[in-house]
Each structure stands twice: as C-alpha cells, then as structure tokens.
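There are 8 protein chains.
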Amino acid sequence: MNSDSLKQLLEQVAAGSLEPEQAMQRLKKLPYEDLGFARVDHHRVLRRGFPEVIFGQGKTPEQITAISRALHAQGAAVLVTRVDRAKAETVLSEYPELAYHPDCACLSQLAAEPPRPGKGTVVVIAAGTSDLPVAQEAVLTAELMGSKVETVYDVGVSGLHRLASAAEVLMQASAYVVVAGMEGALPSVVAGLVDKPVVAVPTSVGYGTSFGGLAALLGMLNSCAPGLSVVNIDNGFGGGYLAGLIDHLG
Amino acid sequence: MNSDSLKQLLEQVAAGSLEPEQAMQRLKKLPYEDLGFARVDHHRVLRRGFPEVIFGQGKTPEQITAISRALHAQGAAVLVTRVDRAKAETVLSEYPELAYHPDCACLSQLAAEPPRPGKGTVVVIAAGTSDLPVAQEAVLTAELMGSKVETVYDVGVSGLHRLASAAEVLMQASAYVVVAGMEGALPSVVAGLVDKPVVAVPTSVGYGTSFGGLAALLGMLNSCAPGLSVVNIDNGFGGGYLAGLIDHLG
Amino acid sequence: MNSDSLKQLLEQVAAGSLEPEQAMQRLKKLPYEDLGFARVDHHRVLRRGFPEVIFGQGKTPEQITAISRALHAQGAAVLVTRVDRAKAETVLSEYPELAYHPDCACLSQLAAEPPRPGKGTVVVIAAGTSDLPVAQEAVLTAELMGSKVETVYDVGVSGLHRLASAAEVLMQASAYVVVAGMEGALPSVVAGLVDKPVVAVPTSVGYGTSFGGLAALLGMLNSCAPGLSVVNIDNGFGGGYLAGLIDHLG
Amino acid sequence: MNSDSLKQLLEQVAAGSLEPEQAMQRLKKLPYEDLGFARVDHHRVLRRGFPEVIFGQGKTPEQITAISRALHAQGAAVLVTRVDRAKAETVLSEYPELAYHPDCACLSQLAAEPPRPGKGTVVVIAAGTSDLPVAQEAVLTAELMGSKVETVYDVGVSGLHRLASAAEVLMQASAYVVVAGMEGALPSVVAGLVDKPVVAVPTSVGYGTSFGGLAALLGMLNSCAPGLSVVNIDNGFGGGYLAGLIDHLG
Amino acid sequence: MNSDSLKQLLEQVAAGSLEPEQAMQRLKKLPYEDLGFARVDHHRVLRRGFPEVIFGQGKTPEQITAISRALHAQGAAVLVTRVDRAKAETVLSEYPELAYHPDCACLSQLAAEPPRPGKGTVVVIAAGTSDLPVAQEAVLTAELMGSKVETVYDVGVSGLHRLASAAEVLMQASAYVVVAGMEGALPSVVAGLVDKPVVAVPTSVGYGTSFGGLAALLGMLNSCAPGLSVVNIDNGFGGGYLAGLIDHLG
Amino acid sequence: MNSDSLKQLLEQVAAGSLEPEQAMQRLKKLPYEDLGFARVDHHRVLRRGFPEVIFGQGKTPEQITAISRALHAQGAAVLVTRVDRAKAETVLSEYPELAYHPDCACLSQLAAEPPRPGKGTVVVIAAGTSDLPVAQEAVLTAELMGSKVETVYDVGVSGLHRLASAAEVLMQASAYVVVAGMEGALPSVVAGLVDKPVVAVPTSVGYGTSFGGLAALLGMLNSCAPGLSVVNIDNGFGGGYLAGLIDHLG
Amino acid sequence: MNSDSLKQLLEQVAAGSLEPEQAMQRLKKLPYEDLGFARVDHHRVLRRGFPEVIFGQGKTPEQITAISRALHAQGAAVLVTRVDRAKAETVLSEYPELAYHPDCACLSQLAAEPPRPGKGTVVVIAAGTSDLPVAQEAVLTAELMGSKVETVYDVGVSGLHRLASAAEVLMQASAYVVVAGMEGALPSVVAGLVDKPVVAVPTSVGYGTSFGGLAALLGMLNSCAPGLSVVNIDNGFGGGYLAGLIDHLG
Amino acid sequence: MNSDSLKQLLEQVAAGSLEPEQAMQRLKKLPYEDLGFARVDHHRVLRRGFPEVIFGQGKTPEQITAISRALHAQGAAVLVTRVDRAKAETVLSEYPELAYHPDCACLSQLAAEPPRPGKGTVVVIAAGTSDLPVAQEAVLTAELMGSKVETVYDVGVSGLHRLASAAEVLMQASAYVVVAGMEGALPSVVAGLVDKPVVAVPTSVGYGTSFGGLAALLGMLNSCAPGLSVVNIDNGFGGGYLAGLIDHLG
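Protein chains in written order, with my numbering: chain B, 7 to 256; chain S, 7 to 256; chain P, 7 to 256; chain D, 7 to 256; chain A, 7 to 256; chain C, 7 to 256; chain Z, 7 to 256; chain X, 7 to 256.
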C-alpha cells in the first residue's frame, strides 16, 4: 500500500465508485492497519484502569509528577515503584492525590473509574520477611487492577504449616504470586499443591552464592512442577500484574 | 500432636466425651492434615485428565511403557517428551495406544475421559522454523488438556506482518505461548500488543552469544512489557501446560 | 483419606467397633500423618536446645527482639547473625539477656536447659585473619549446641606448620569446620590429613578473580579429597551447625 | 610419629643401638613426620579398608587394573567410577576379582579384611530415575565402607508421599545422601524434616537453565535448612563416602 | 483512530466535504500507517538486491530450496549459511542456479538485477587460518551486495607486517571487517590505525578460556579504539552485511 | 613512507645530498614507517578535528586540564566523559574554554578549525529516560565531529508510535545510534525498519537479571536484523563516534 | 636442613655431644623438616630479604604494625598493600621506619641487610594512567627485592610509539611486567616483540563488559604470544614479585 | 637492528659500497625496522631454534606439512600440537622428518642447529594421570628449546610425599611447570615450597563444577603464594615455553 494506491482508493470513494464501508474494510486489511487489534487492546487496558507502572528509581520528582498526571488523565491507575521516602514526600507536596506505601516504596493512585473486580482471589505468598517489599508491590499492583488479594507471609522450610493453616484462603485463589529469595524452592512447593497458575518472583534476598537472586531464579525455572512461570528478579509489579490479568479473565 | 495426644483424643471419642464430628474438626486443624487441600487438588487434576509429563530422554522404552500405563490407569492423559523415533517405535510395539508426534518428538495418549474443553483459544506463536519442535510440544500439551489451539508460526523481525494478518485469531486468545530463540524479543512485542497472559518459552536456537538460550531467556525476563512470564529454555510442555491451565480457569 | 473416611473412622471408635489404639495405628499410616517423624524430630531439636538462626541483616531491632523472645520461649537457643554494633545495642537495651559477640557480629542466648554435651571436639580452622568473623560464627554456633570447640587460626600456605603443631588438638576432633577465602585450598589439605568429616566454608575474602568467594567455593567443590562437603559462602552458622550435629551423633 | 617415638629414636642413636645413617633413613621414610597425626590417620583409613576411589574415565584398562591391584594389596577396598561396560569387560578379563555394577558404571572390590560395620543406617534418597546412577554410586561407596544402606528413590514434587511412607526407614538414619538434579529442592525438604546430617549431591540431570547441574548446586548451597552440605555435581562417591564416614563415628 | 472515525473520514470523502488528497494526508499521520517509511525502506532493500540470509543449519534441503526460490522471486539475492556439503548437493540437484562455496559452507545466488556497485572497497581481515570460514562468509555477503572486496588474511601477532605490506589496499577501504578468535586483539589494532568504520567479528576459534568466542567478544567490546563495533560470534554474514551497507552509503 | 620515498631517501644518501646521520634521524622519527598508511591516517584524524576522548573517571582535575590542553593544541576537538559537576567546576576554573554538559556529565571543546560537516543526519534514539545520559554522550560526540544530530527519545514498547511520528526525521538518517537497557530490543526493531547502519549501545539500566547491561548486550548481539552492530555497555561516545564516522564517509 | 646437616645432627647425638632432648627440640623447630628442600628455600628467601606481603585491606593499624615488626625482625623486607592514607598515618605514628607510597597505597621497609642486586632490569609497562597504582605496586615490590626497575607508562593503542622510543630500555630487560585493563591487549603486543618472560597483570580498570577486569584477564590468557603468563586482577605485588624472582635467577 | 647497524648501512650507501636499491631491499626485509629491538629479538629466537607452535586442530595435513617445512627452513624448531594419530600418519607420510608423540598428540622436529642448552632444569609436575598429555606437551616444548627436563607425576593430595621424595630433583630447578585440573591446588602448594618461578597450567580435567578447567584456573589465580603465574587452560605449550625461556636467561 503506497501513497498512490491509497490516493486511488480515496478517489474511488470521492467518485462514489466505492462505498465508505467497503473502503474501510479494505483499509483494515492493509499492512500496519493490520495491527489494529493492538490499538483496540490498548484502549481496553485504559478503559479498565489497569495501572501503568513508572520505574521511579533514577527519575526526578518532577518527572514522576508529570508522568503520573499524564497517565491518570488518560484514565489509567498510576503505580510508581522504587521511590524512597524523601523523593516521595517531594512528589506528594506537588501531587497530593498519590498515596505512598512505605512497605514497598511505591506511590499509587486509583483510576478515576473504579476498576472492574476480578473473578476470584489473588493469593500472594512470601517466603521470608525480607521478601515483603517485593510481595507488597505485587499486592498493590493486583489491588489497583481490581483484584481481591490475600497474603500468606513468612512461609519458609520451618513455616510450611502456615501454608496448611491457610488452606481455605488458598483454595479460593484464581492465581498465586509466590515470592522467594535464597534457593527459591517455595514456588515449586506451592505449584505441587495447587492447580491454578503460579507466578514465581525471585528476590535478591540472600548472600554468597545467591548471586543477587540468580540462584532463586534458576531454582524456579528448573522446577519440575508444571503450572509455574517466572518474572524478573525483584519484579513484584510484574508478578502482581500477571496474576491480576489472570484474575480478570473469563 | 504426638502419639500420646492422638491416642488421648481417640479415647475421648471412645468414651463419648468427644463427638466424632468435633474430633474430626480438631484432627483437620493438625499439622500436615492441614495440607488436605493439596490432595484434593491433586485429585482434581487427575479427574480432569490433565497430562502428566514424562521426560523421555534417558529413560528406557520399558520404563516409558510402564510409567505411561500407570498414569493412564490413574485417569491422566499421558505425554512423553524427548523420544527419538527409534525409541518411540520400540515403545509403540509394546504399547500401540500411544501416538507418536515426530514434529516434537513426543508420545501421547488422551485420558479415558475426554478432557473438559477450555474457555477460549490458546495461541502458540513461534519466531522461526527452528523453534517449531518446542512450539509443537506446547500445542500438543494444551490440546491434551482440552484447549483449542491456534498457531502463528515464522514471525521474526521480517515477519511481523504475519502477526497482523492473524489479528482475528489473536483477538480470541485466552492465553499466548510465544516461543523464540536468538534475542528472544518476540514475546515482548506480543505482550505489548495484547491484554491476555503471555507465556514466553526461550529456545536454545541460535549461535555464538545465544549461549544455548540464555540470551533469549534474559531478554524475556527483562522485558518491560507487563503480563509476560517465562518458563525454562526449550520447555514447550511447561508453556503449553500453563496456557492450558489459564484457558480452563473460571 | 478424605473427610468422609476420617469421620467414619472416628464414628467406629465412638461406636466401640474400633479400639482407640487400633484407630491410632491406622491414622499413623495415613498420608501426611506419615510425616509424623518430622514433627517428632523437630521436637527433638527443640528439646536439645539447638539454636534457631535469625538472619539479622535487614531486620529491625524490634523484629529481632520479638523473634528471639519467641524462640527462647520454645526452648531453643537463640543465634542472630549479621548484627552490627549499633543495632545490637538497641536490641540489648530491650532484651539484655542476649550476649553480643563483636568478633562475628552475632547475638546469642543459651537455651534455658543446658545443651546436651557433644561426643568429641569440633575443630574450627581458618586460613587468614580476614576469615575470622566467619570462623567465629561457626564457633559460637557449635558451642550453643553444646559442643566443645577448639580453634586453629591463621593457617595459610606459609602457616601449615601451625596445623602440625596443633596435632594433638586435631586428633581429638569429631568434625572439622575449615574456613578459607582466596583459592580455598585449605579444606582440601585438611581433608587429606584427617579421617573425620570436614565441612568447608568458603569466604568472600579475596580480590580480583575471587569473585566474592566463587573461586574458593569451586576449589572446595572440586577437591579430590574425600570426606569434604561445602556450605554457602560466608555461612559460618551452617558450618558450625553441621559440625555440631555430627558431634552429637551416636 | 609423635614426640615420644621421635625421642625414642634419638635415644637409640644416643645409646648407640641405632646408627646415625640408619636413623636418617628412617626419618626420611616418614613423609609426614612433622604432621605426625596425618600419617597415623592415613594408616587408620587403610586398616579400616575404606575405599580409595579411582576416576575411571580417561584411564586405560591397564592403568585401572594396576592401580586397583596396588590399592587392594595395601588393604584398601577398591572403587573405580565411570567405567563403561566395554572397558569394564577388558579389566575383568585381567582382574576377575573386581565386580562390575552397571547401574552406576563402577567396578569394586571389598578390602581383604571385612570393614568395620557402621553405627546406624545411611539413607540414600534420589529425586528421579535419571538420578539413580549417581545415587547408586553413593550406595556402593557406603556399603564398601561397611555401612548398612537403605534407599528411597523417585521422590519428586509429585512423590513426596514416598518420603512419608518410608518414615520408619528414615528414622533410623545416621546420615542422609540426597541426590537431585533440576532445581535441586529435595535436600532442602529432607533437611527441614530430619535432624541428622544431610549430604546433598546435585546431578547434571535437567535441561535448559539447569546448566549441567549448576541450578541444582546453587539451590542446595542457598538452602535455608541447617544441617545440609553439598558435594560436587554428580559426585555420588563423595556423598556416599562422607555419609559412611559419619556413620562410622563414635 | 477506531473503526468509527475511519468510517467517518471516508464518509466525508464520499460526501465531498474532504478532498482525497487531504484524507490521504490525514491517514498518513495515523498510528501504524506512520510506520510507512519502513515499508518503503524494505522495498528499497529488495530493489537493490541486498541478500536475505537463510540460516541453513537445522533446515531441510526442501525448506532451503523453497525459501531460496521465494526470496529470489522477490528480487533479492540469496545467501544460505551453514550448509554442509551433503545438504548442499541435495539442494543443488533441485535448484542448480545456486552456487556452493565450500570455504564458508554457503549457498548463494545473485539477484536477477545486478547489484548497485559500492563506493569503495570492503577490506576483510582475518587473524588466523581457522578464522577463514567466517571471513569468507563476510566476503561473500558483501560481494552479493555489489561491493568490491579485498582480503588480508593470517594477520596475527607474528604477522602484523602483512598489514603493513597491504597498506595500499587498506588505504582504499570504505569499511573493514576484522575477524579474530582467541584474545580478539586484531580489531583494536586495526581500528587504531585506520579512520573508517571497523566491524569486528569474534570467532569461536580458541580453547580453554576462550569460552567459545567469549574472550574475543569481550576483548573487542572493551577496545579503547573508537570507530569499532561488534557483531555476534562467528557472524560473518552480519559483519559483511554491515560493511556492505556502509560501502553503499552516500 | 612508501617504497618510493624510502628509495629516494637512500638515493639522496648515495648522492651525498643527505648525510647518513641526517638520514638516520629522519628514519627514526617515522615511528610507524613500515605501517606507513597508519601515520597518515592519524594525521588525517587530527586535521578533521575529530574528538579524542578522555575517560574522566579516576582522573584528577589537573590531569584532565593538562590532557585537554595538549589535545586541543594538536588540533583535536576535546571530549571528557564521566566528569561529575564538582570535578567539572574545578576544571573549568582552570580551563574555562571547556563547556560542561550536565545531561551526560561531559566536558567538551570544539577543535580550533570547525569540523567538516557530515553528509546526512545522525539519528540518536533512546528507549527510556534513564538511557538519556548515554544517548546525550553520543549526541555530543557526533556534533563535535561536525554531524547534524536529531534525537528520538522515550521509545519503549508503549512508545513505538514515537518512532512512527518521527518518520520524516528517520528517513534522512545516514546512521542510527540506538540506546537501550533492560532487554535491549529496540535496536532490533529499528534495524528491522531502516536500511542504514544501526549502532546499538546497551546501557546498564535495569534490575535483577539485567546484570548491569548484560541482558541488553546479549539481546543486541543476537538480533536477527542485519545492519546492526554493538559497542560496549554505556559507551555513548563509542556509538556517537562510529555514527559520526559513517556520516562523514564518501 | 639437607641430608648432610641431618646426618651431622644425628652423629652429634651418637657422639654424645648433643642430648636427645636437645636434638628433638632442634628437629621440632624445623617446620618442614621432612620436606627438607622447602625449609632451605624459605631460609634462602629470608636471607635475600625478599618481601613478605601483608594485604592491608581489612586489617587494623595495630595488626599491620605488629606483623610488619615481626617480619622485619626475621630479616624480611616488608610490604603492606592497600593501605589508605588515614590508616597509613596511624601506622606511621607507631612505626615511623615504614615508608608510605601514596601512588600505590603501600607501606614498605627494606630488609636490614640490603637485598642482593638482580641480574638485569625489570621493565614495568602500563597501558593507561588508571593502571598506575597497580603498576607502582609492582615497581615497589621488585625494588624491595633488589631489582633495578624501569617504567614505560601510558602505552595504549595510540601510544605504541612510546614502546618504540623506549627500545633501548626494553632491550636490557630480564623480565617484563605489563599492566592493562580494558581489553588487556598490551601484554600480547609486548610478548610478540620481546624474548624475555612477560608477566601480565590485568586491572579492574574499565566499564561495562570489562566486568571488573575479567575481559582483560581473558584477553591475556588467550594471547597467542608465547612467553606470557598471568596473575590475578590488580595483583601488582604478584607481578612484581615474579619478575623480581626471574631477575634474580642464575 | 640497532642504531649502530642502521647508521653503518647508511654509511655504506653514502660510501657507495651499497646500492640504494640493495639497501632498500635489506631494509624491507626487516619487518619491524621501526621497532628495532623487536626485530633483533625475533632473529635471536630463530637463531636459538626456539620452537614455533602450530595449533594442529582444524588444520589439514597439507597445511601442517607446508607450515612446518617453512618454519624449519627458517631455522626454527617445529612443534605441532593437537594432532590425532590418523592425521599425524598422513603428515608423516609426506614429511617423515617429523616425530610423533602420542602421549601429547604432538609432532615435532628439532631445529637444524642444536638448541643452546638451558642453565638449570625445568621441572614439570602433574597432579594426576589425566593431566599427563598437557604435561608432556610442556616437556616436549622445553626440550625442543634445549632445556633439561625432569618430571614428577601423579602428585595429588594423597601423593604429596612424591614431592618430598623428589626433593633433590626439585632443588635443581630453574623453573617449574605445575599442571593440575580439579581444584588446581597443586601449584599453590609447590609455590609455597620453592623459590623459583612456578608456571601453573590448569587443565580441563574434572567434572561437575570444574567447568572445563575454570575452577582450576580460578584456584591458581587466587593463590596466595607469590612467584606463581598462570597460562590458559590445557596450554602445555605455553607453560613449557615460558619455563624454557626462564631456563635460558642469564
């Protein structure tokens, strides 16, 4: 479809030899118009108020404020990750509609239109207390998307009974986010017990050969339990977003 | 709960000082009984006929035959991956109910009870022809689970228009499996276009710094597109299973 | 064993058609009850006063105080690793029963009941002065478990004679903890000389290609001396605990 | 050679009952004279008949035969690892006293003097069927040392109940060897349940990001369960030897 | 731009309230139509007859034949890399218009229309004889694009004088492709001498710590000589294509 | 110094018009006499005023001032990278002719003679705001060389339309510098759209498995789009220099 | 302690001129008596006044002072590396006989007995100004050993003529220490030009894919120039010591 | 070619005893004329008959024959590494003056002129039988250079007494080549005992985490024993050459 054929098509419409409806059909089949569904999908995301994430680290308070305002104006929920308290306070003095969450160092704002509720419950499970900031980032993300979230925290080798005592909560899940550092075995254990998708989030918690989360990541990728997939190290947003997406299916 | 307290509880029941119903409630709250839901879930998996995968590489034809029969007897669909043609023929001579799929080197058998159909369509997208064996393993897995599967193959940088021309197929997806080697950029592109979960499967296709799929894996983990998660390199089964699981939600 | 069969069993006891003793035997054979030995073992650990370790790094003084108190109340010895002096002082102002060990940055408290003494001597050997904090963490751990500990420090290539001059001490060992950074060759040398288990602890001491302890770790894993095994880099607790465990066998 | 015997030798020289030349020859034959205890230990190992391992890969049948004969003549049990069947047959035609173990590709011969029995039971646990050759190498090693060995095989995420049903066996263990590839989570699970030393043996079983056993190794090193240590990838001999050593303590 | 606004625009054209020319301008500014230039560029590539590369490894002779025919029919030159002689002969029996180049294991066919000649000379320099297959792949690629190519081969540390004796050739270059394995220092040396772009191609030639070309790659990336950039290990096509592209500029 | 001039010099000696001593001095002043072309090229670079880069990190203000003055005196443009504001101010108090660019932490000075203008436009494209310092270093470099530079910034997955809207700018490019961190997919996308050389600059922007830019680097090296090459992580100077070099060809 | 002196000692005992007890004491003070040659070598080192290095990083001023005094008392030259100025000043206030070298952050003291002069000249060559601290550590080490040292600094790709102009110095070398970061190509270039041993010292100078000196290290190890060997990253002492050792041979 | 001989040549031209044309020819045969010292060194190498190594792997018998003949004609000893028996036989049928060494898979030929003898003895030490091919390559290289070589083989942890019993041999060494795989600790031990340069050669012998020799390499680089340097993995030639070079100093 070059300029000539495009002009020719429009001239046929102008000449009446081609109905607008027919022209539209032909245009929709063109290269690049062929990505049409993408745009529509994008609109759908905005309508639903799904959050757009802003990676706050390395951005100035002014940049954060400006991008947040722009996104919110487009109808999206806003989520800014990795904002320390000092930077957050500067942002809030300019843009007090944002809420600061010190437990995961995030700023957030709901979309103007309340999000469509999810179908079930997103269950966020964390292995240790050091994994909580990442887990809370997942919680906040899924809640901004409209999902109901339950948490089961501090479930290590010596705390597997917490999983058991949370059986009722676990049974209602539509998706799981399992956050763990060190050897990263918890998502395997969970995926062996349940029959809903498990999103594993490795964390950089650990020392020595944990290599900043690499050991946990490899443990999760090599899990022999099906139904488990992995996002980037410390990517709580990614885990929460995917679980929220699954929770809104159907 | 040691033997003594367990015996004491049973004696209270025997003595009539504790109702069976009450005793059962107390027993259900005990450590390890608390994993009850897991067993139930496991049964649910078997009832649905979801496949149990057998990693065929390194197993003898006799082992494959025996494990396959046992799994099928339990009501599960059977999937044996990484079986070369010679080994497959030996297995088939003993167990002709299995079907061999040379395009992904798998043996399979449906569960006795037909699987519950999925809710939508699992779309499996592959970047290059060399990625097809992994992609076909994903297709086979999801189909054994009862999902309807559509494929969009050979979608590299010079083939993005194939994605576009498949727009109608793509719009109906409940989940995507995107299979790619080399730099592994395709899942990022797909996840930027759609609003359903994308399961990325890196493949070991490539040379030089692809390092057996590591480059593709890192590319996928670092994607800035939300809604994307990753399974192990060449793990077509893992990708298909997760997509099938998502397709059966709700 | 689902709820129904459990209730049925209890009703048989209530009806007198099943003796409590028989019911107990049947319950003990059930799935998940079948992990019974684990619980007992766990109790055994507590009764012995073996320490539960708290990774102090990244925890607040309040968290450390609370977890320490809870563990001690359960009868365990308490060991908190990676606590700098400032944090330690805050904890001690609240919980003065803990002792601070500046040489390994640990807090500790013996169990209420004195630990059962070990069978022999745990010998902790360190290659250089920079390895001492890790070695002292091992010493403290084994002592909290009730083991007698001897140390042989500063045994590098130019100090192998210290090993020789410590021959009498070395002969009485039930287990060795050998702590080394750099090329990590010392555990191989020790394991070639002795006939008791050697637990090798690589440290992050070194520069350049030591890669934070990786060189030492690989050196230890590739040792051709049998009777040697390895724990994580800088994991003095892990080394001391395993040696203490071996020292309490029999 | 301790201080007493050194003094005695010098007194014999002083008394004229030993020529200086003879004394010098005796002193020169004591290779580890200054390390005294080491030589004694070495002798002790030989007296006990503990096996000396020969890494068979890359050695000719003639080399294997010669070294085996020499070791056996010294009173040691013989263990040759990584010998394929063809090479084994050539060796056996020359040295029929060796026994070939096709399940772990090893040749072995008991020491002339039967080994001193161990104190308890070495329990060897393997995650999957592909891990069996490594596990069997551990079994063979511990048995040559005189330990009683029990095995619990095929214990993956979907097979944890096998652990449970083996509770009685597990309770009698003096040491555990846990063999696993993939994500290597099994040793962590076992170490969380028991209170005896766990020797973890990662295997090169897996694909993709298992990186020839690296993922399993890292998983084991980063385990938060105390009482666990690790040997080299696929090092069944190392695992069995250490467990056998522990089983002979006290 | 959704379907409604597109239809509206076309109706305005039909109604005469909007000139076809104006409508075309508005359409050209739309999302995705806005990638128009890309399509044009792509056409430009085809018109020039620049080669499309087919990675031959892992493709059947039938696939290679089919794709080659299709590309040639579109006006592109054809280049199939990594084709061993046996496979090449099967392809040639079906498609004899292709030429086989055993020195770089490639099949090629010029575009129907002779390529536009380049502006200068592409100089391909190789460090050792083992690097020649990769270098020849670069030569073939640049020649298919219409560039004049000169080669300077076997220029290692002991052969730098070859560079000097080739000074006249080197002075005429518009771009350099420098191919080297081992420590990969040659591109740095060349880039320090010349003032035209240097495309460095690391090869997997070497042993030990060359790690399949990684050492060469890192050496090239860390070069302190400006004007040098790097393509993937063994990627002769990539090097030749980029040099050919530069040679056709202006 | 080619064969002719060498012969001429010797003939002058033979003819007595040049003293042997003088001839020797002239021969000794030609450091690269045998490499002839190199010296000439080097002079050519200086005549054009192409910048010499000074890596400012780890250098004192005095060193920076001295080297800058020396380079400028030789006729080169000056570019000092990685200079924080405090150090810059100290340098500027001594050498106020330098200009400080806080957006890329560089100091620069044009050559005395204005640089020869380039042939087209260097287009610098950056994926995210965090990539800007590296991108700006590329911009500054190319401008010092005399190239006209256009920038297209903030082009991530959700910003590909910015590429589209910049179509006119993109069409005039003689070379592209594409700067990206995270998964580093943007250069592949650009190279798939255009037909001029693309210099990819990976940045250390990202977290978790980005491994300080390694993921981006591997993504770029494994790109299946031809016409793309890579420089070191965060090496904006290298990218800008190469693009400027290409822009001055012909 | 060689065979002769051992025999002599025993003869003294036999002759009654030495008590057995005294002989035993003398024998026990010879740490490596059984390894004879080793002790002698060690003594030889001390006699020559070769320096013992103390890794100053992580040691207290008190520890540095104590170890330095002890070494000097034994007749060794003293070299303390990695001492920042503040720590150095504290040490010097206690032990003013040490000299501080701010260019390489070392403290040193000559042995009481002046060192035996070397045979030739140690030439230390450094690629860039950032490599100077490592190079100066090598210079200081070799000088303490008694070697004459010459330096050729700032020899990068654009400074190879410095090598040439230093030809006379280079010709007198008995050994070379070549210090380089980045791609580490300089030692290869030097080793290609000279016929004396070249000790390559990679430095952690660089950024991006230099990976803390790994790229330089790999470049040096993969050099195709014979006569070159490598020490650890930033190990100036190791390079200087080895060169000094070679310079004292014969 | 030093300044004197250059001046002399020019004076001959000035005196008419040498034609300019002849002088030019002589100057052109001096490849590194401008680097003066280098050429001389190179000639010295040839005069001494030091071997030029040919990496035989990947070269055809014809290439090996041709290069060997050319080198020998120049007066160098010839050494071809990595030649399997079949290839060797083809070469030998053409060039029977070469000798084949099956223990290290090398072909060699002495220089026409017998090499100048070394000053002492090169001692080559190997840890295990699997390291012998690499060790023998070192032996052959040093012998071709004229050095007297002694070997001490099979010196592992359980064989350190072999070192001791070889004390006399060790005392005469001018340089050591120590070859080891696995954890690579042997060179550290040797360097701790002796006072001559130790060239460490890591081998790819080992399994699991030996990572093809990487563990041994890191162990050697991180050795705290001074006087030790390292060459590439399996580079027996490199080790032997450097030791031979040292042995010829003075």
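Check before you lean on any hint, since a few could be wrong.
Said to hold, decoys possible - No farther apart than 20 Å at their CA atoms in a straight line, the calculated lysine to aspartate or glutamate pairs in the EDC-like style are these:
#1 125(A) to 100(A)
#2 13(P) to 25(S)
#3 93(Z) to 68(Z)
#4 13(P) to 119(S)
Claimed, not checked - A short list of chain X residues far from chain D (calculated; beta carbon distances all over 10 Å):
#5 14
#6 17
#7 69
#8 71
#9 95
#10 121
#11 123
#12 134
#13 136
#14 214
#15 215
Simulated from the structure, these hints should not be mistaken for lab results. Where is the CB? At the ideal position from N, CA and C, for every residue including glycine.
A quick look at each hint next to the structure:
| no. | hint | in the structure |
| --- | --- | --- |
| 1 | 125(A) to 100(A) | 36 Å, violated |
| 2 | 13(P) to 25(S) | 10 Å, holds |
| 3 | 93(Z) to 68(Z) | 10 Å, holds |
| 4 | 13(P) to 119(S) | 30 Å, violated |
| 5 | 14 | 58 Å, holds |
| 6 | 17 | 63 Å, holds |
| 7 | 69 | 29 Å, holds |
| 8 | 71 | 30 Å, holds |
| 9 | 95 | 21 Å, holds |
| 10 | 121 | 33 Å, holds |
| 11 | 123 | 32 Å, holds |
| 12 | 134 | 8 Å, violated |
| 13 | 136 | 5 Å, violated |
| 14 | 214 | 3 Å, violated |
| 15 | 215 | 6 Å, violated |
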